[in-house]
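K.L.:
Hints are included, so try docking the two chains, each in its own frame, into the full complex.
Each protein sequence line maps, in turn, to chains A and B. Take the first sequence: its letters are residues 137 to 894, numbered as in the numbering used here. Take the second sequence: its letters are residues 541 to 699, numbered as in the numbering used here.
Take these hints with a grain of salt, some might be off.
[Said to hold, decoys possible] Calculated lysine to any residue pairs in the SDA-like style (CA-CA distance at most 20 Å, straight line):
# : chain 1 : residue 1 : chain 2 : residue 2
1 : A       : LYS818    : B       : SER674
2 : A       : LYS417    : A       : PRO464
3 : A       : LYS417    : A       : SER278
4 : A       : LYS818    : B       : ASN669
5 : A       : LYS818    : B       : GLY673
6 : A       : LYS818    : B       : GLY586
7 : A       : LYS818    : B       : GLU670
8 : A       : LYS818    : A       : MET798
[What the hints assert, rightly or not] With beta-carbon atoms standing in for the labels, derived distance ranges:
#  : chain 1 : residue 1 : chain 2 : residue 2 : range
9  : B       : PRO661    : A       : PRO840    : 45 to 55 Å
10 : A       : VAL187    : B       : GLY553    : 56 to 66 Å
11 : B       : VAL585    : A       : PHE296    : 51 to 61 Å
Keep in mind the hints are simulated off the structure, nothing from the lab. Where is the CB? At the ideal position from N, CA and C, for every residue including glycine.
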Amino acid sequence: MSQHEAAMHRPSVHESAHLHVTGAARYVADLPGPPGTLWALAVRSPHAHAVIRGIDVAAARAIPGVYAVLCAGDIPGHACWGPIRHDEPLLADGAVHAVGQAVAVVIADSEAVGRAGVAAVGVTYDVLEPILGIPAAIAAGSFLDDAPHVITRGDLDAAFATAAHVIEGEVASPAQDHFYLETQAALVVPEEDGTWRVFSSTQHPTEIQRAVADTLGVGANRVVCEVPRLGGGFGGKESQATPFACMAALGAWVTGRACRMVPHRDEDMIATGKRHPFLSKWRAAVAADGAILGLDARLWADGGWSLDLSGPIVDRAMFHVDNACFLPAVRIEGRACRTNVTSNTAFRGFGGPQGMLVVDDVLRTIAEVTGIPEADVLRRNLYGDAPRDRTPYGQAVDPTRLPRVLDALDARSGRSARVAEVAAFNERSRWVKRGLGLQAVKFGISFTNGLLNQAGATVLLYTDGTAQVNHGGTEMGQGLFTKMRAVAADALGIRPESVRVMATSTEKVPNTVATAASSGSDLNGAAVNDACATIVARLRPLAIELVGEDPVFAGGEVRGARGAMTVAALASAAWARRISLHATGFYATPGIAYDRAAGRGTPFFYYAYGAALVEVEVDGRTGESRLVRVDVVHDVGASLVPTIDRGQIEGAFVQGFGWLTMEDPRFDAAGRLVTHGPSTYKIPASGDVPGAFYVDLLPDADQPGVIGGSKAVGEPPFMLAIGVLGALRDAIRALRPGRSVRLALPATNENVLRAVAG
Amino acid sequence: MPTEITLRLQINGEQVRRIIPANRSLLDFIREDLRLTGSKHGCDVGDCGACTVLVDGAPQLACITLAAECEGAAIRTIEGVTDGGGLHPIQEALHRHVGAQCGYCTPGIVMAMTSLLEADPHPSDSAINEALGSNICRCTGYTKILAAVREVARPGSPS
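Just chain B, same shape as in the assembly (with noise of 0.2 Å):
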């Protein structure tokens, strides 16, 4: 049996302590023991980006990171974007533009692009297509979800 640990961190506002196996990653850790299943898993090897939290405010894949590593961290996940109720810009762009169709990348580009956005207001295309590049979508073909992210990172111009 693998060795167990004591973690300590912070989900979405609240602190969490929670005894482990040392080697649980992140998404198994948010998904199966704390039951926040909005982060997913796409491809378990960190190159599709489902799975994408905040982990102090910087965009990580949970698939890959051991949750022991973020001992003392502050994590984000999708179910803590929207504080308050109301949904984050980003969320408001993305239903309003018709940017998820099966919806199952959703929650790790709201995730990417809140930190993008947060990061910097107004990203250029260039930005918004890098920072997006971490993630696939296989139904969209990924013009209503840039159109989205356009429109939060420069309101008011054509997108």
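The shape of chain A in the complex, shown without the other chains (with noise of 0.2 Å):
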């Protein structure tokens, strides 16, 4: 047997990381462009709501260096774009509803110029009445959905009617900008014959490549999209980078020249969506032993002004409004509200988070009128056996698991010993207090329409026994490609360093699904495992010929009974034998489904857990707040590569951390965003992570049926950041006791100090 270690499963540095710390990773606004390249920027629009009189080009094409001003009538092709109806217009046609929509664009052949030239676009507004917030918009029946989504289960009457408590609560929760580093950015070259080649940063090349075409009227065939790398993505650039590459694309078609658009940080942060702000109205049954009887929950998300991805962003919410508890009796509701802001969009959790945020709040009162401490709240009310083992929509939850996570957290964190040194601590401290919160994260993996959850791969392997590996997923910093490629490696028996992952790109994988939805190694690692296999399946026999029988391919060695060859050695001998050396893979998630109208169904392929015990520390006079330390178990499966999970989850949790207490979107009263630049939205900085913190990965958790036995890591663990606002509760608990803690979210030191004050 080969004594090669597998490449899965192991710790691995970022396979670009010698890139990255050199400056050497390109992205796209680092490509250099053919000599010419032109620029695309948008002339945007200042009003929420407006009828446009009249667009005056002319001064703008006037300037010496401006080639073109496109307007709405001069698209070739299509004129509207989305991810899921094509409601939102490439360029306003007769009418604008947010800051920010796209109303014309100015092709030149400097920024600077086309900054002068958006500057000189003089249009004229009839300003009219905009609707903002969820409550404005529900006053005025305004939603992006025809009806809302209900998922039921029980006899909630009965529930109320035997209740020892009737309690009943309101969750708001914010808006939250991606701030990816690299802002949005396209680069589209024109080639022969009529075709573009596209280079994006992207979560979905496929839909750049077909929105791109639409507007242009060509064939999909005629597009190539292409993506490097991408400097962060999160959500935002899952259906939103599709603008930006579109309106390049006039540039180039309208010129014959290459165009490139990458806007300034404050043009992307008001141009494009954010996370869905909700508004959530919840009544709870509750015995007396703090067990929840019955949920009966209303959410509303704001979808800004047109649907991009509001519908299954709400489904998401609802399928997690019990987070880890199991609900009896239950009704959800939800529904997208249509507002004059910029259409919000996919963003890590994808209604998840805003959904856990119901059962939180449930679990906080809960907590409040029995006396009960949440974290037992919370230990009592978990799924368990059958048939308290089934989610509101009737997928079966394995019991087992979270309570084995969360014996591992107390484990790890010395929770109970904590619980008194904390209580310790707030005896000895009048104004500085200390809490804790524990954090239960059940999370549903799979893209909930179900179609999407498929994906392809094409592999090739050359006769020197190195590879390239391309697939359907982008690389956007959360390891995709580190993991593609230890994938690959082990399939194919080479080592890591023989492994190339390719930039994606749809010539090489067609007809591909966004990375998103935390699905990017389950569903690619699947598909580029098969045409890893495809290719061995094809080497075997001639490897029996060659080293005897039960062949084992393994770290660039094919090693068989009678001896060993290496596979470059192998793969030349099946070249001369006129043997295919290289294949596609493809994967499709079997046996999900979820039926919208009954509410009822298997949406999920698994859940991904993890929990988190955080300790904050409260200064009751300023409303500061610290987190003193963070302790996390999280389940991965086996991991694919240790390295990467433990940063992702990190990562994760730090962005939660930032949504929940200082990343404060203001808009005005005429709905502009007033915090478009990082010196007036604040995420979280080095200083403000935790001085202590432990990640630890769920040992002995194959996930049967997915690559390698691991789970999806992407979002999941954002979640875990939730048990900030549990442990910020406690803490000004203790410094007014007894009394209802009411903190307003994003908990920052003002809705910290009005907490404590109110």
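P.N.:
Here is the structure:
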């Protein structure tokens, strides 16, 4: 047997790490473009809602270096785009519905000239009253969906009739800007015979390909979209990279020259959608021992002015209202509101975090009315043995996994001793108090639109034993390419250094889905494995002939009963026998289906689990808080690359912590975003992260049916940060014992101070 | 059209002389005119640190620095850190600790930390946090970046 270790399940640096640390990693804006590459800059609406009376482009066109100014009527193909419903005009046609909506696009020979051109375009508006905020949309009956989505189970009336406590509450959660460090970016290069090569910082190359082809009125086979890497995505480049690529494509089409569009940060923040704010109202029936008997919850999301992905985001929020808790009788209703802000979009968790805040608020209230600690209320309400193992929509939950995670967390964090230490600290300290928050997470893995759960791959083995791997996923820092390199290396029996994962391109793998829903490694990993297996199956008879029975491919060698040879020698021999060394692979997740009308089904292939114990310190005089310590146990199955998974867990937690405590997007009364740069919109900095941050991966957690026994990791740990809220409440309670804590979000210093005073 | 000026400065040890618009930012000069694209546009208002370069050894935000201000200065960019081809210890440590995820903020962090460690080879945790406070990362949660810097600052001690 070969002694080579597998590439999977071992720590590894990021496959581009040597490029990242030397500045040699190229992002779209770093690509030089052919000589004479032009710039596209958008004229954007200053009004949240207005009728366009006229657009005067003459002065802009007269500026030397301005090549064209394009309006809606100049688009040669489809004028509207959208990831589900094509309800967003690429350039406003007669009316604007949000500040930052593109009205015209200026094509110029430099960014500076383009800016002058944008300033010279005169647009006349008749300003209309905007609808801003969820309550205003509800009052106006302004929705993006035709009817609410409803999930019900059990006898809610009976639950309320028999309840020891009937409680109710309301949760308003804020927007969040993605703040990917690399802004949106596209470069479109015209090639011969009416074809176009699009370089885009997108999570969804196929959508860019389709949208550019539609905009230019050509077939998809005339457009190639290539993605070198993203400087962060987090959902913000799932659908909303599209208009930037399409506007650059218009510039290339109208001039015959290459054209790029790379907005500055403030334009990016003003023009692109954010995490959906949600307003949720709930009423719960609770037994004397703190068990939830019934929950009636209504959720509204602020979708902004167009549908974008708001429908499935509301769905996922509804699927996660329960989080880790069994809800015997339940009614959950969700709606997406149409308002006059930029169209809100995917963001890590995709509604899941907003849904989980509902049950978090329920558990808090139960603790306050029963006097049982929040952590104990959580344990009391966890999923259990049948019939307590079914979600509101009927999917079975493994009731053993989360208790295992929580037990491991109790041990790793020393939770019971820590509760006593915090109490002792608070006894000694008059104004500065500490608090502990325990958070459990159960997060469904799969696109809830079942048909999206598919992926393809193309693997090329060369006669020197090296391979190129192409798959449909994009690398945006999450380490997907590092994982795919390990999968391919093990499947082909070569070393990871012999595998290159190629830039994502629609000419290598077609008809792909977005790299989203934490699904990148599950879906693409299975497809890559399938392609590699096809190649190995073709090589195996030759290997038996050359090295004997039962050949094992590992570490660049093929070893059989009679001897060994290198994979390179085997590949060369195969070439000489005219055996194909390249193959495609495909994967479709089995067994998932959801009936939206009935509110029943199995939308998820499995659940990812995790838990965190968060300790904070609050200064009751100023409202300032800090993270003292965070302990995490997370279930990533059999981790494909543990170093990558730890990075995802830590980064997700800090991003969730930012959403809940400091990131505070503000709009003025006219619907203008006033926090459009890092000076006014604060994301966590190095000084904000906990001094002690411990992350354990749950051992012995192989997930059947998933590549390498692994589990998805991108989104689930984001929601571990909800534990920060429990910890803040615990500390605030120590400042004002015996009273209910109402902590508005985000829990900024101001809001913490209000909760202390309230 | 803006006034043009003749700019002479040193980039990564090499003398450069170019005629540029007087209002050209140092970042655009480096990225567009010299095609050194390791320094990044992040926020364009001097708050994220992705464009950090060293001007006469001190970290400076190239997006809010006029190229013209750097007449006669010695500029070091990320491309000039690996002189002779070997990684700087901070690059090596970030590499090994998986301190980069998307990598976009990494060049700026390398420059800021290079400057810190050249001024003080053994900075305290609070000095590290102070110096790193000018650089935003959205992916990592900073833990691995801090571990890498601490390891270089205090070799041998647990990070």
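K.L.:
Now tell me, hint by hint, if it's right for this structure.
P.N.:
Quick rundown of the hints versus the structure:
About 12 Å separates the Cα atoms of LYS818 of chain A and SER674 of chain B, which keeps this hinted pair within 20 Å; it holds. For the hint pairing LYS417 of chain A with PRO464 of chain A, the CA-to-CA distance comes to about 19 Å; that is within 20 Å, so the pair holds. Restraint check for LYS417 of chain A and SER278 of chain A: the C-alpha separation of about 18 Å stays at or below 20 Å, so the hint holds. The hinted pair formed by LYS818 of chain A and ASN669 of chain B meets the criterion: a straight-line CA distance of about 17 Å does not exceed 20 Å.
Distance check on the hinted pair: LYS818 of chain A and GLY673 of chain B sit about 12 Å apart at the alpha-carbon level, within 20 Å; holds. A threshold of 20 Å between alpha carbons decides the hint, and for LYS818 of chain A with GLY586 of chain B the separation of about 14 Å falls inside it, so the pair holds. Of the supplied pair hints, the one linking LYS818 of chain A and GLU670 of chain B holds, its CA atoms being roughly 16 Å apart against a limit of 20 Å. Among the hinted pairs, LYS818 of chain A with MET798 of chain A is consistent with the structure: their alpha-carbon atoms are about 6 Å apart, no more than 20 Å.
Against the hinted window of 45 to 55 Å, the Cβ-Cβ separation of PRO661 of chain B and PRO840 of chain A comes to about 51 Å, which satisfies the hint. Evaluation of the 56 to 66 Å hint for VAL187 of chain A and GLY553 of chain B yields a pass: the beta carbon distance comes to about 59 Å. The hinted range of 51 to 61 Å is satisfied by VAL585 of chain B and PHE296 of chain A, whose Cβ atoms lie roughly 54 Å apart.
Of the hints listed earlier, there is not a single one the structure fails to meet.
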